[in-house]
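Enquirer: Spelled out, the chains give:
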Amino acid sequence: MSEPIIICQDVHKWFGSFHALKGISMEVQKGEVIVIFGPSGSGKSTFIRTLNRLEEHQRGTIIVDGIELTHDTRNIHAVRSEIGMVFQQFNLFPHLTVLQNITLAPIWVRKWPKDKAEEVALKLLERVGIPEQAHKYPGQLSGGQQQRVAIARALAMQPKIMLFDEPTSALDPEMIKEVLDVMIELAKSGMTMIVVTHEMGFARAVAHRMYFFDEGLVVESGTPDDIFGNPKEDRTKLFLSQILTH
Amino acid sequence: MEREVTAEVEKPPVTELGVIGWIWKNLFGSWLNTLLTLISGAFLFVLGRAVLTWAVREANWRAVTNNLRVLAWGRYPDDQAWRLGATVGFLLLLSLITWLVWRGGEEARARRYVLGGWVLSPAVLTVLIYGVRLPTLSTISNNFGYYLFRPDVLIALDETWRATMGLAIVGLLSAVTLCLTAARRWRVAGIAAMALAASLTLPLGLQAQPWILGLTAPLLLRFALALGIGYWAGAAIARALQGNARVLQALPALWAVVVVVLIVLLTNFEVGVPRVDPVEALPIVQPSIWSGILLTLALATVSIAVSFPIGILLALGRRSTLPVVKGLCILTIEIIRGVPLITILFMAQVMLPLFLPLEFNVDRVLRAMVGMTIFTAAYLAEIVRGGLQAVRHEQVEAARSLGLSEVLVTGLIVLPQALRAVIPPIMGQFVSIFKDTSLVAIVGLLDLLAVGQSVIKAREYLGAVREMYLFAGVFYFIVSYGMSLASRRIEKRLGVVES
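Protein chains in written order, with the numbering used here: chain A, 18 to 263; chain B, 4 to 502.
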């Protein structure tokens with residue numbers, strides 16, 4: 018195996034006196050799809066947000082694509098432009114059209130000419146299945162469409178890694194599938210992905226490894242077969258039984 | 004039982020009432036409504052008749068009509084008044100073009116030109132209203148010659164080797180710049196440098212000089228040759244250095260060195276005082292004699308246009324994480340907001356000259372403009388801060404996650420959303436400062452209201468108080484209402500469906 022693209026060692030994070038991450042270690046290889054799940058407040062969102070430094074970790078080391086995350090702002094911009102992120106609440110820019118949302122970062126960060134950025138953006142919109150919405154504003158789209166635009170926006174920077182922070186949790190049930198389909202297609206294309214989700218069907222279909230978080234710690238990790246077929250920890254069993262029974 | 008599916012979609016029932024229906028429903032719906040309608044109708048009728056009778060029969064409108072010119076521009080010289088007309092015409096034309104371009108589809112390029120026109124418009128307005136002083140062509144060439152070659156050099160042509168050398172160096176570096184960089188501004192800089200060098204040497208180059216083999220030829224030939232050889236050498240060097248990023252970074256420094264070398268080479272350190280021989284293309288009209296509507300509008304326009312960017316900067320500074328910047332901004336905002344506008348106007352008149360060197364005499368109108376600008380800026384800062392707080396933090400996170408720097412996050416994501424949210428209060432502040440321009444009368448400036456007051460003190464117009472104040476009131480109302488209308492249009496135009 019080659020050098021891992023993400024290396025985390027003993028990552029700690031406090032919010033005031035609350036100890037949110039109590040020493041997370043993880044290595045992710047290029048092309049791997051990692052699913053992180055666990056009860057709310059377990060630190061899973063906080064953890065993936067430390068990977069592009071939307072949250073600063075206070076102890077331990079995080080190395081992404083060979084760059085260690087430190088206070089050096091130049092490092093942060095370099096790392097962030099290689100990592101795409103998709104949020105639970107989509108967070109599209111409401112004052113820009115779909116096309117402008119997608120082309121913004123390529124034009125201003127990558128310094129692409131506008132024509133090239135728009136060409137790439139239209140291709141991405143086609144890939145996520147909504148090329149006809151290019152000139153609408155985010156507020157005119159459904160939740161599922163907005164989330165697919167958000168994925169296209171992240172992909173427009175041609176990132177090496179994609180982070181998904183509960184991408185389907187804010188969606189109506191009938192829209193979850195359209196977003197998951199896009200994510201599955203992306204996983205199969207070889208993208209390195211770290212996904213915080215409770216969509217166990219998705220995990221079973223494409224995840225290489227799964228991590229169960231609880232109270233700021235990795236309780237258990239393993240392949241989907243291990244986790245679903247043969248969970249070792251009681252807490253994992255309990256949590257899985259709670260989310261899989263209905 | 005199955006419902007029959009018809010092709011025709013059911014339409015909502017017609018609920019439009021028509022004029023009579025509306026009147027009946029809203030004015031005579033109940034006996035109380037009927038009573039109120041009758042009473043207020045009678046009241047309005049009596050009032051309206053009284054006002055109309057006064058305005059048509061009794062009012063002495065001559066106080067206004069005879070003094071329209073004074074009220075409009077006061078002491079602005081009459082023979083220069085056409086410039087004010089030209090100003091209005093320029094603004095109308097620019098507005099018309101803007102309207103046409105914005106209406107006529109998505110031509111991004113045309114829009115950029117129109118925006119450029121608006122950005123340049125302050126300069127045009129200043130030139131038109133204030134005036135402009137231009138040096139004559141002969142002065143320009145003379146002064147260049149003086150600065151760059153010294154007068155004796157112009158005579159002692161044997162020293163032209165300096166100019167030749169200078170041109171060769173400029174040509175060389177320009178060529179390196181042009182060939183090495185793809186960046187447009189550097190290409191423009193290179194061409195501009197060559198053009199400037201060529202034009203500077205023109206007065207000298209026009210002189211004839213015995214050249215090779217005793218043949219007489221204008222110096223220009225030698226200069227052109229020097230420039231050409233320099234360019235050729237530069238291009239060759241650039242080809243050799245292709246792809247060397249460090250040279251690109253060193254370019255600005257190289258240019259700085261070259262400028263110094265040129266000055267030393269060309270002037271031999273002896274820079275004299277050139278002959279100044281300006282022509283007044285448009286005679287200067289000092290702001291201190293601007294008055295009437297002209298002054299009112301000038302004060303309002305300048306304080307609005309200048310305070311807007313300052314207000315935004317203050318608001319951003321107040322949210323800064325740097326304690327010094329933040330503290331200074333808070334201090335500025337709170338001090339200015341804690342003082343009445345009248346006090347600021349007096350302070351600007353009295354204090355401003357204290358901070359500036361003696362010979363730098365600031366015009367009284369300009370002082371008032373400064374006062375009103377900082378006053379408006381402080382209030383705008385607080386309004387904009389409100390807008391900044393309304394932008395959700397998730398927007399900032401999303402922008403950061405794309406790799407945008409903090410400056411870009413602020414400029415592209417936060418500010419546009421923040422300003423959109425606070426258009427109504429910003430416009431309110433603008434309307435308010437427009438009306439507050441009437442306060443400058445207190446520091447002795449003759450705005451519309453002050454001119455009006457002095458007119459009705461004249462013997463022949465004594466007693467025309469109501470007419471004059473009504474005229475001023477209507478003027479203020481029309482402009483203020485126009486601003487509100489514009490605000491509503493902008494809101495509608497930028498109205499974005501929230502996600």
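It is possible that some hints are incorrect.
Now the in silico label distances, taken between C-beta atoms and shown as ranges [claimed, not checked]:
#1 Asn92/A / Arg322/B: 17 to 27 Å
#2 Ser487/B / Leu261/A: 56 to 66 Å
#3 Lys495/B / Glu143/A: 54 to 64 Å
#4 Arg127/A / Glu397/B: 17 to 27 Å
#5 Gly485/B / Glu143/A: 43 to 53 Å
#6 Leu228/B / Ile84/A: 23 to 33 Å
#7 Arg322/B / Ile84/A: 24 to 34 Å
Sample of chain B residues with no beta-carbon within 10 Å of chain A, all distances over it, derived [unchecked claim]:
#8 Arg165
#9 Leu316
#10 Ala401
#11 Leu407
#12 Met430
#13 Leu497
Beyond 12 Å from chain A on every Cβ pair, some chain B residues (computed) [claimed, not checked]:
#14 Ala111
#15 His396
#16 Gly406
#17 Ser408
#18 Leu411
#19 Ser457
If you're looking for bench data, these hints aren't it; they were derived computationally from the structure. Glycine is no exception: its CB is placed at the ideal position from the N, C-alpha and C atoms.
Enquirer: Against this structure, judge whether each hint is valid.
Expert: Here is how each hint holds up against the structure:
1. Asn92/A and Arg322/B have their C-beta atoms about 25 Å apart, which keeps the hinted 17 to 27 Å range intact.
2. The beta-carbon spacing between Ser487/B and Leu261/A, approximately 60 Å, falls within the hinted interval of 56 to 66 Å.
3. At about 33 Å, the CB distance of Lys495/B to Glu143/A disagrees with the hint of 54 to 64 Å.
4. A beta carbon spacing of about 23 Å between Arg127/A and Glu397/B agrees with the range 17 to 27 Å that was offered as a hint.
5. Restraint check, Gly485/B to Glu143/A: a C-beta distance of roughly 47 Å satisfies the suggested window 43 to 53 Å.
6. Between Leu228/B and Ile84/A the CB atoms are about 54 Å apart, so this pair departs from the stated range of 23 to 33 Å.
7. Remark: the range hint 24 to 34 Å for Arg322/B to Ile84/A is upheld by a beta-carbon distance near 29 Å.
8. The non-interface label for Arg165/B is consistent with chain A: the shortest C-beta to C-beta separation is roughly 42 Å, beyond 10 Å.
9. Even its closest Cβ contact with chain A, about 21 Å, leaves Leu316/B beyond 10 Å, as expected for a residue assigned away from the interface.
10. Distance check on Ala401/B: its Cβ comes as close as 4 Å (rounded) to a Cβ of chain A, failing to clear the 10 Å threshold; non-interface status is violated.
11. Against the 10 Å criterion, Leu407/B falls within the reach of chain A, whose nearest CB is about 6 Å from its own CB.
12. With a least beta-carbon separation of about 19 Å from chain A, Met430/B lies farther than 10 Å from that chain, consistent with its non-interface assignment.
13. Consistency note on Leu497/B: stated as away from chain A, yet its beta-carbon is not over 10 Å from all of that chain's, at 8 Å minimum.
14. At the 12 Å boundary, the C-beta of Ala111/B falls inside the reach of chain A, the nearest C-beta of that chain being 9 Å off.
15. Residue-level check failed: His396/B sits 10 Å from the nearest beta carbon of chain A, not beyond 12 Å.
16. Once the 12 Å rule is applied to beta carbons, Gly406/B is inconsistent with being away from chain A; the minimum gap is 3 Å.
17. With 12 Å as the threshold on Cβ separation, the claim that Ser408/B sits away from chain A is violated: the shortest Cβ distance comes to roughly 6 Å.
18. The claim that Leu411/B is not at the interface with chain A is violated, since a C-beta of that chain comes within 12 Å of its own (minimum 5 Å).
19. Ser457/B, annotated as away from the interface, keeps every beta carbon of chain A farther than 12 Å; the closest lies near 49 Å.
The structure does not agree with the numbered hints 3, 6, 10, 11, 13, 14, 15, 16, 17, 18 stated previously, though it agrees with the rest.
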